Amino acid sequence: MFTYMNCYYTLYIISFVASMSDWWTRKVDILNRGFSGYNSRWGLSMFKEVVMNERPDLVVLFFGANDSIDEKVLQHVPLDEFQSNLNKIVTSLVQVCILMSCMAYHIYLRLS
Numbered sequence: 000m001f002t003y004m005n006c007y008y009t010l011y012i013i014s015f016v017a018s019m020s021d022w023w024t025r026k027v028d029i030l031n032r033g034f035s036g037y038n039s040r041w042g043l044s045m046f047k048e049v050v051m052n053e054r055p056d057l058v059v060l061f062f063g064a065n066d067s068i069d070e071k072v073l074q075h076v077p078l079d080e081f082q083s084n085l086n087k088i089v090t091s092l093v094q095v096c097i098l099m100s101c102m103a104y105h106i107y108l109r110l111s
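Under numbering that gives the first Met the number 0, the first residue of the sequence shown is numbered 0, with each subsequent residue one higher.
A portion of the hints provided could be inaccurate.
Below are the DSS-like pairs computed for lysine-lysine, each with C-alpha atoms no more than 30 Å apart in a straight line [unchecked claim]:
| id | residue 1 | residue 2 |
| --- | --- | --- |
| 1 | K71 | K87 |
| 2 | K71 | K47 |
| 3 | K47 | K26 |
| 4 | K47 | K87 |
Just the calculated beta-carbon pair ranges, DEER-fashion [said to hold, decoys possible]:
| id | residue 1 | residue 2 | range |
| --- | --- | --- | --- |
| 5 | N86 | E53 | 28 to 36 Å |
| 6 | D21 | K71 | 20 to 28 Å |
| 7 | N52 | W23 | 18 to 26 Å |
| 8 | Q82 | M51 | 17 to 25 Å |
| 9 | D79 | E53 | 26 to 34 Å |
| 10 | W22 | K71 | 37 to 45 Å |
What the hints contain is simulated information worked out from the structure, not anything from laboratory work.
Being a predicted model, the structure only gives us computed values, none of them experimental.
Note that CB positions come from ideal geometry on N, CA and C, so glycine has one too.
Whenever a hint applies, use it, and build me the whole structure from the sequences.
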């Protein structure tokens, strides 16, 4: 079983899940457990219930986009907490884990 949990939906990620599903049709079950807008803090709080209860063989995590948003935004998570959250999630796994992330959001890059 393949479980995919992400915290930032983009067309790329949606196509990634669709491509994986198509490639592995009738070979493995792919369960998308992504929640748009979530950050690593919220992901950590529900990880066991939403992901681990499925008993997956492989977990792909995509966190970082919402965590790195401007500090004034609700989804922002400070870098040290983000690292701690990922560490707690990854160390709780006995399965193979693939970590995906994005470049950090930076307000000045957006304005230029």
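Do the hints match the structure? See the list:
{"no.": "1", "hint": "K71 <-> K87", "in the structure": "holds, 25 Å"}
{"no.": "2", "hint": "K71 <-> K47", "in the structure": "holds, 29 Å"}
{"no.": "3", "hint": "K47 <-> K26", "in the structure": "holds, 25 Å"}
{"no.": "4", "hint": "K47 <-> K87", "in the structure": "holds, 11 Å"}
{"no.": "5", "hint": "N86 <-> E53: 28 to 36 Å", "in the structure": "violated, 22 Å"}
{"no.": "6", "hint": "D21 <-> K71: 20 to 28 Å", "in the structure": "violated, 40 Å"}
{"no.": "7", "hint": "N52 <-> W23: 18 to 26 Å", "in the structure": "holds, 21 Å"}
{"no.": "8", "hint": "Q82 <-> M51: 17 to 25 Å", "in the structure": "holds, 21 Å"}
{"no.": "9", "hint": "D79 <-> E53: 26 to 34 Å", "in the structure": "holds, 30 Å"}
{"no.": "10", "hint": "W22 <-> K71: 37 to 45 Å", "in the structure": "holds, 40 Å"}
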